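Enquirer: Sequence:
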Amino acid sequence: MAKSKASANPLMDAIVAVCKRRGFIFQSSEIYGGYNGFFDFGPLGVELKKNIKDAWWKDMVHRREDIEGLDSSIIMSPKIWVASGHVGGFSDPMVDCKVSKMRYRADQLFYAPVIVDGEKVGYVSILEDGNMQADAEAAAEKMKRKGGHQGELAPIELKEYTEADESEWALIPSPATGEPGSLTAPREFNLMFETKVGALSDSSAVAYLRPETAQGIFANYKNVVDTGRVKIPFGIAQIGKAFRNEITPKNFIFRSREFEQMEIEYFVSPDGDWSEIHQDWIKYCHDWLISVGLPEEMLGRDVHEKLAHYAKACTDITFQFPFGEQELWGIAARGDFDLTQHAEHSGKPMEIFDETAKKKYIPHVIEPSLGVDRLLLALLTAAYTEDEVGGEKRTVMKFHPRIAPYKVAVLPLLKNKPELVGRARSIFEKLSRRYNVFWDTAGAIGKRYRRQDEAGTPWCVTIDFDTIEKDGTVTLRDRDTTEQKRISEEELYKFLDESLF
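Those letters in the sequence shown? Residues 1 to 501, by UniProt numbering.
Since the hints were made in silico from the structure, they are not lab data.
Small disclaimer: the values here were computed from a predicted structure and weren't measured.
It cannot be assumed that every hint is accurate.
[Claimed, not checked] Calculated pairs, DSS-like style, for lysine-lysine (alpha carbon to alpha carbon, straight line, at most 27 Å):
| no. | residue 1 | residue 2 |
| --- | --- | --- |
| 1 | Lys312 | Lys222 |
| 2 | Lys447 | Lys398 |
| 3 | Lys101 | Lys159 |
| 4 | Lys79 | Lys58 |
| 5 | Lys250 | Lys312 |
| 6 | Lys196 | Lys49 |
| 7 | Lys359 | Lys348 |
| 8 | Lys283 | Lys20 |
| 9 | Lys430 | Lys398 |
| 10 | Lys79 | Lys447 |
| 11 | Lys470 | Lys417 |
| 12 | Lys58 | Lys306 |
| 13 | Lys231 | Lys98 |
| 14 | Lys58 | Lys222 |
| 15 | Lys53 | Lys98 |
| 16 | Lys360 | Lys222 |
| 17 | Lys470 | Lys50 |
| 18 | Lys415 | Lys58 |
| 19 | Lys222 | Lys241 |
| 20 | Lys360 | Lys393 |
| 21 | Lys53 | Lys494 |
| 22 | Lys79 | Lys159 |
| 23 | Lys79 | Lys50 |
| 24 | Lys20 | Lys49 |
| 25 | Lys53 | Lys222 |
| 26 | Lys359 | Lys430 |
| 27 | Lys58 | Lys360 |
| 28 | Lys470 | Lys485 |
| 29 | Lys250 | Lys485 |
| 30 | Lys98 | Lys49 |
| 31 | Lys20 | Lys393 |
| 32 | Lys159 | Lys120 |
| 33 | Lys415 | Lys359 |
| 34 | Lys306 | Lys159 |
[Claimed, not checked] If you anchor each label on the Cβ, the simulated ranges turn out as follows:
| no. | residue 1 | residue 2 | range |
| --- | --- | --- | --- |
| 35 | Ser29 | Pro270 | 46 to 54 Å |
| 36 | Lys417 | Lys20 | 16 to 24 Å |
| 37 | Asp387 | Leu127 | 29 to 37 Å |
| 38 | Asp387 | Asp287 | 25 to 33 Å |
| 39 | Gly198 | Tyr493 | 34 to 42 Å |
Backbone N, C-alpha and C define an ideal beta-carbon position, used for all residues, glycine too.
The whole structure should be built from the sequences, with the hints applied where relevant.
Expert: See the structure below:
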């Protein structure tokens, strides 16, 4: 039997496997072979996702006096997307392979001429996956050997495909076939999903699924100002679905076509120190990520040098995903571009009266934008642990208790002893009034512990014969250390309250 090829990313494979095995995430439409770029969240995944959103909303909206909440519709007037620039400019440069019919984002396709002793002997092309430099050098060495060239290779200098001129397009090999001559020139491809609204099916009925939640905030800015009694500086927060017709969705839920965003538009005075507020938000977001369980050593920062035409600054908080360091949370200073655009296209004024400055103006905005799905993947990555206890290997999801799907599992030692089950049920029902609690009677107690370890449940409570016959205490087991201690019911409730609130 042929030996299976080793995975290029075993950690990513392990995370995907545990997500399927324990019911965190499933491929959408799996019974029909799956649907690329879309995912379904199972019993554990939907709880984890809800806990992430609840924690964010609690800290960003409920615990701050300067931020109001909003929930805008997914489908809005197409005029909004004209004003925002999405209809005319929300696109990626795409490249097609005429032989394989594969399509690639041109900004993720890189090429380099192969030079041997000063002579150009061909080109190599590399997709933005893995170690591009090493892959390109290996491909160049292979081209050299295949062509029988005996000299030294010049250093490989990768260039983005969009930089290639027309004469080079015909010479760059396709990633799909490895042969030159099949790639097209880059063409712009709009990423918005188009739909139709109403009974007609002509151009007047065209609408779009929103590609971001921010424009719903900007379109409702005046409504919030007029009804919310807000004062500069203030923010509007929203959690909601967004849709982008990504040509190459990849890395599990990191880049998908349907995703959820948690965004804030924080409105500030154009005359104030927006830079200082921007830095404050970067630190605030960084500290919040640590508070829900991301290790500080896995976080980084990427200060953008190349900015959108309307932006004043942008910094990404990055995370060390299994496939490399990537953007997790973007914090941008967007100026007054969006409100100005909507004022011009709608004819409605977007000024606010600043009582402190005694004047009207269109405020500038700081935008912290975080993907729920991307954060969920980061939390899965940080939580995934393999260790050994008592000579037995185990997989543990070490979620922060605040975002763990189940907070505690209640386990009667034996399922066929009514006195144990009855006492355990009583404790389970009391705990269920405050937390999401798991009930498990199936299998040996050790196997039940292992199942809860892999589900990420921080604590297990076991009811045994000492609970019934002696002092009424239960066994509290810690997921991370596997330590067990006897504790009374009253102490149990107090411990959980202090640990989870």
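Enquirer: Now, for every hint given, state plainly whether the structure supports it.
Expert: For each hint, the structure was consulted:
{"no.": "1", "hint": "Lys312 / Lys222", "verdict": "holds (23 Å)"}
{"no.": "2", "hint": "Lys447 / Lys398", "verdict": "holds (18 Å)"}
{"no.": "3", "hint": "Lys101 / Lys159", "verdict": "holds (23 Å)"}
{"no.": "4", "hint": "Lys79 / Lys58", "verdict": "violated (33 Å)"}
{"no.": "5", "hint": "Lys250 / Lys312", "verdict": "violated (30 Å)"}
{"no.": "6", "hint": "Lys196 / Lys49", "verdict": "violated (30 Å)"}
{"no.": "7", "hint": "Lys359 / Lys348", "verdict": "holds (18 Å)"}
{"no.": "8", "hint": "Lys283 / Lys20", "verdict": "violated (35 Å)"}
{"no.": "9", "hint": "Lys430 / Lys398", "verdict": "holds (25 Å)"}
{"no.": "10", "hint": "Lys79 / Lys447", "verdict": "violated (57 Å)"}
{"no.": "11", "hint": "Lys470 / Lys417", "verdict": "holds (16 Å)"}
{"no.": "12", "hint": "Lys58 / Lys306", "verdict": "violated (34 Å)"}
{"no.": "13", "hint": "Lys231 / Lys98", "verdict": "violated (56 Å)"}
{"no.": "14", "hint": "Lys58 / Lys222", "verdict": "holds (24 Å)"}
{"no.": "15", "hint": "Lys53 / Lys98", "verdict": "violated (43 Å)"}
{"no.": "16", "hint": "Lys360 / Lys222", "verdict": "holds (13 Å)"}
{"no.": "17", "hint": "Lys470 / Lys50", "verdict": "violated (40 Å)"}
{"no.": "18", "hint": "Lys415 / Lys58", "verdict": "violated (39 Å)"}
{"no.": "19", "hint": "Lys222 / Lys241", "verdict": "holds (22 Å)"}
{"no.": "20", "hint": "Lys360 / Lys393", "verdict": "violated (65 Å)"}
{"no.": "21", "hint": "Lys53 / Lys494", "verdict": "holds (25 Å)"}
{"no.": "22", "hint": "Lys79 / Lys159", "verdict": "violated (37 Å)"}
{"no.": "23", "hint": "Lys79 / Lys50", "verdict": "violated (32 Å)"}
{"no.": "24", "hint": "Lys20 / Lys49", "verdict": "holds (15 Å)"}
{"no.": "25", "hint": "Lys53 / Lys222", "verdict": "holds (26 Å)"}
{"no.": "26", "hint": "Lys359 / Lys430", "verdict": "violated (56 Å)"}
{"no.": "27", "hint": "Lys58 / Lys360", "verdict": "violated (32 Å)"}
{"no.": "28", "hint": "Lys470 / Lys485", "verdict": "holds (15 Å)"}
{"no.": "29", "hint": "Lys250 / Lys485", "verdict": "violated (44 Å)"}
{"no.": "30", "hint": "Lys98 / Lys49", "verdict": "violated (40 Å)"}
{"no.": "31", "hint": "Lys20 / Lys393", "verdict": "holds (20 Å)"}
{"no.": "32", "hint": "Lys159 / Lys120", "verdict": "holds (16 Å)"}
{"no.": "33", "hint": "Lys415 / Lys359", "verdict": "violated (71 Å)"}
{"no.": "34", "hint": "Lys306 / Lys159", "verdict": "holds (17 Å)"}
{"no.": "35", "hint": "Ser29 / Pro270: 46 to 54 Å", "verdict": "holds (48 Å)"}
{"no.": "36", "hint": "Lys417 / Lys20: 16 to 24 Å", "verdict": "violated (34 Å)"}
{"no.": "37", "hint": "Asp387 / Leu127: 29 to 37 Å", "verdict": "holds (35 Å)"}
{"no.": "38", "hint": "Asp387 / Asp287: 25 to 33 Å", "verdict": "holds (28 Å)"}
{"no.": "39", "hint": "Gly198 / Tyr493: 34 to 42 Å", "verdict": "violated (55 Å)"}
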